[in-house]
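Student: Below are the chains, spelled out letter by letter.
2 protein chains.
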Amino acid sequence: MPLLFDRVTIVGVGLIGGSLGLAMREKGLAGRIVGVGHRQASIDLALKMGAIDEGSLDPSAAVMGADLVVLATGIGLIMEVGRRIVPALKRDAVVTDVGSTKTDVVRALEPAMPAGVHFVGAHPIAGSEKRGVDAATAGLFRGATTVVTPTKRTDPDAARKVAELWSAVGAHVVTLSPEEHDAILARTSHLPHVAAAALVATLRPPDAGFAGTGFRDATRIASGDVNIWCDIILTNREAILSALWAFSDELAAFRRAVESNDRVKLAELLSAAKQRRDSL
Amino acid sequence: MPLLFDRVTIVGVGLIGGSLGLAMREKGLAGRIVGVGHRQASIDLALKMGAIDEGSLDPSAAVMGADLVVLATGIGLIMEVGRRIVPALKRDAVVTDVGSTKTDVVRALEPAMPAGVHFVGAHPIAGSEKRGVDAATAGLFRGATTVVTPTKRTDPDAARKVAELWSAVGAHVVTLSPEEHDAILARTSHLPHVAAAALVATLRPPDAGFAGTGFRDATRIASGDVNIWCDIILTNREAILSALWAFSDELAAFRRAVESNDRVKLAELLSAAKQRRDSL
Numbered sequence: 001m002p003l004l005f006d007r008v009t010i011v012g013v014g015l016i017g018g019s020l021g022l023a024m025r026e027k028g029l030a031g032r033i034v035g036v037g038h039r040q041a042s043i044d045l046a047l048k049m050g051a052i053d054e055g056s057l058d059p060s061a062a063v064m065g066a067d068l069v070v071l072a073t074g075i076g077l078i079m080e081v082g083r084r085i086v087p088a089l090k091r092d093a094v095v096t097d098v099g100s101t102k103t104d105v106v107r108a109l110e111p112a113m114p115a116g117v118h119f120v121g122a123h124p125i126a127g128s129e130k131r132g133v134d135a136a137t138a139g140l141f142r143g144a145t146t147v148v149t150p151t152k153r154t155d156p157d158a159a160r161k162v163a164e165l166w167s168a169v170g171a172h173v174v175t176l177s178p179e180e181h182d183a184i185l186a187r188t189s190h191l192p193h194v195a196a197a198a199l200v201a202t203l204r205p206p207d208a209g210f211a212g213t214g215f216r217d218a219t220r221i222a223s224g225d226v227n228i229w230c231d232i233i234l235t236n237r238e239a240i241l242s243a244l245w246a247f248s249d250e251l252a253a254f255r256r257a258v259e260s261n262d263r264v265k266l267a268e269l270l271s272a273a274k275q276r277r278d279s280l
Numbered sequence: 281m282p283l284l285f286d287r288v289t290i291v292g293v294g295l296i297g298g299s300l301g302l303a304m305r306e307k308g309l310a311g312r313i314v315g316v317g318h319r320q321a322s323i324d325l326a327l328k329m330g331a332i333d334e335g336s337l338d339p340s341a342a343v344m345g346a347d348l349v350v351l352a353t354g355i356g357l358i359m360e361v362g363r364r365i366v367p368a369l370k371r372d373a374v375v376t377d378v379g380s381t382k383t384d385v386v387r388a389l390e391p392a393m394p395a396g397v398h399f400v401g402a403h404p405i406a407g408s409e410k411r412g413v414d415a416a417t418a419g420l421f422r423g424a425t426t427v428v429t430p431t432k433r434t435d436p437d438a439a440r441k442v443a444e445l446w447s448a449v450g451a452h453v454v455t456l457s458p459e460e461h462d463a464i465l466a467r468t469s470h471l472p473h474v475a476a477a478a479l480v481a482t483l484r485p486p487d488a489g490f491a492g493t494g495f496r497d498a499t500r501i502a503s504g505d506v507n508i509w510c511d512i513i514l515t516n517r518e519a520i521l522s523a524l525w526a527f528s529d530e531l532a533a534f535r536r537a538v539e540s541n542d543r544v545k546l547a548e549l550l551s552a553a554k555q556r557r558d559s560l
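Chains as they are written, first to last, in the working numbering: chain A, 1 to 280; chain B, 281 to 560.
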């Protein structure tokens, strides 16, 4: 594979940032990778695992001279650190992120970039309940979808470079507007998270011993990190509220079929859901 | 292990019935096991796998002389066949079932039994999306919970025998009234099924490619057999409607926190759900 970037700085060497470092090194995509963490222990582990060549606790110092900066922290910190590093960015640098919601991030960071620096939003749909660089693997993005979210103002060359990076680490790259991304992810990820949490909240004291594999699978995502999920949900409020109303309508259709003991209608609803689920 | 029953007839040699046959034979719990199927092919397979000693297509002929009859078909058929075999049952026989809802089944079959024959409802909480005797294993019930649902009218000796059977094949036996069972399972199994189907129904055309592991896990149960689930849902309508209303209330609490951009409240709701899910 050709060298895509001479110097890359990854801000946040957790599961996603660490996996990206490992994958870029495995494919030889970067000349040098600098990793930024907020704890020396994670930096040391990332160095030991070979996810980065150099570690730093200071984002501004670390991005100096970088051709590509990847903001791989939680969403709140992506917007904060993204603004903070602006004075230290070199001309022609490309800045990207890995946040799970895109509209707020892109609106905050695109206009904040200095002349000659280009921001491109991105979201690799990968990861798990696991967190931290110790769970990072070079293969995390292989076969996963990464959404790149350029706007009318995005430099096409910068968007192409970011797409190339994700393709090179094995992801299937899809281009969407930030708003399209957020509407889709509200239905495929954020609503299911809220529904799982609400299912758990519906349990009553005697129920715990009777939760079988089905319940466990259906609610596994409710174990996700609370702060990360507050960030995700509160930066995608409108789309999540729409998804919640649409979900309530679907639930009401089931409720009416049960209330009226309508087997034909119930079978029709279950059957349509089964067919769509089986086709995923 | 001691012989628990001299002659056992299992009506329905699918995943549950076939696994029970395999487990009883492995532990030497029955003198002879007769299996009833509605297709000769499943009977032949059950015989070949060693799940039964003898096969039959005729439930009434097969239950003659049986000390224990296990109704292991879908719920609709449990009630129908349970009534149909009455004239053929021998005095002192114990009749039990494995249906996923209990109130309707117990109300239908308990009073239908002739003098000296005892019905005891039961529900092994085991199984998967898989169906059919080819998926049966002797270990299916090991570590699983089986609920036994005696009523005031149930013969204590018959209830003890049924509980012994399930303990002997490795299940953790819990005794509940049919109504308690149905209320709990509405929240731990039936509501999650409806919610999963409604989540799938909420997807819009562009979404399919963006459904990651989280969505797949959360909606796996929506792939369950439509007829089996119509039977389950329509024989537990009241409890499922209560669970649906409780779930709607929990969803509304999340919706209000999102609408009012209330991070403290949202974190509290997510955190409570995470703690309960982690403790399962």
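The hints are simulated quantities; they were obtained by calculation from the structure and are not laboratory data.
Yeah, the Cβ is synthetic: ideal placement off N, Cα and C, and Gly gets one too.
One should not assume that every hint holds.
[As the list claims (entries may be wrong)] Listed next, with one range per pair, are the computed distances between beta-carbon atoms:
id : chain 1 : residue 1 : chain 2 : residue 2 : range
1  : B       : A395      : A       : S260      : 51 to 57 Å
2  : A       : D225      : B       : D286      : 53 to 59 Å
3  : B       : H318      : A       : G50       : 55 to 61 Å
4  : B       : S551      : A       : E179      : 27 to 33 Å
5  : A       : D262      : B       : D324      : 37 to 43 Å
6  : B       : E539      : A       : G76       : 38 to 44 Å
7  : A       : A208      : B       : G489      : 46 to 52 Å
Student: Would you mind marking each hint as holding or not holding in the structure?
Tutor: Each hint tested on the structure:
1. B:A395 <-> A:S260: 51 to 57 Å: 39 Å Cβ-Cβ, so the 51 to 57 Å window is violated.
2. A:D225 <-> B:D286: 53 to 59 Å: 57 Å, holds
3. B:H318 <-> A:G50: 55 to 61 Å: The hint (55 to 61 Å, Cβ to Cβ) holds, given that B:H318 and A:G50 are roughly 60 Å apart.
4. B:S551 <-> A:E179: 27 to 33 Å: The hint (27 to 33 Å, Cβ to Cβ) holds, given that B:S551 and A:E179 are roughly 30 Å apart.
5. A:D262 <-> B:D324: 37 to 43 Å: 39 Å, holds
6. B:E539 <-> A:G76: 38 to 44 Å: At roughly 20 Å between Cβ atoms, A:G76 and B:E539 fall outside 38 to 44 Å, so the hint is violated.
7. A:A208 <-> B:G489: 46 to 52 Å: Given range 46 to 52 Å: violated, Cβ gap about 36 Å.
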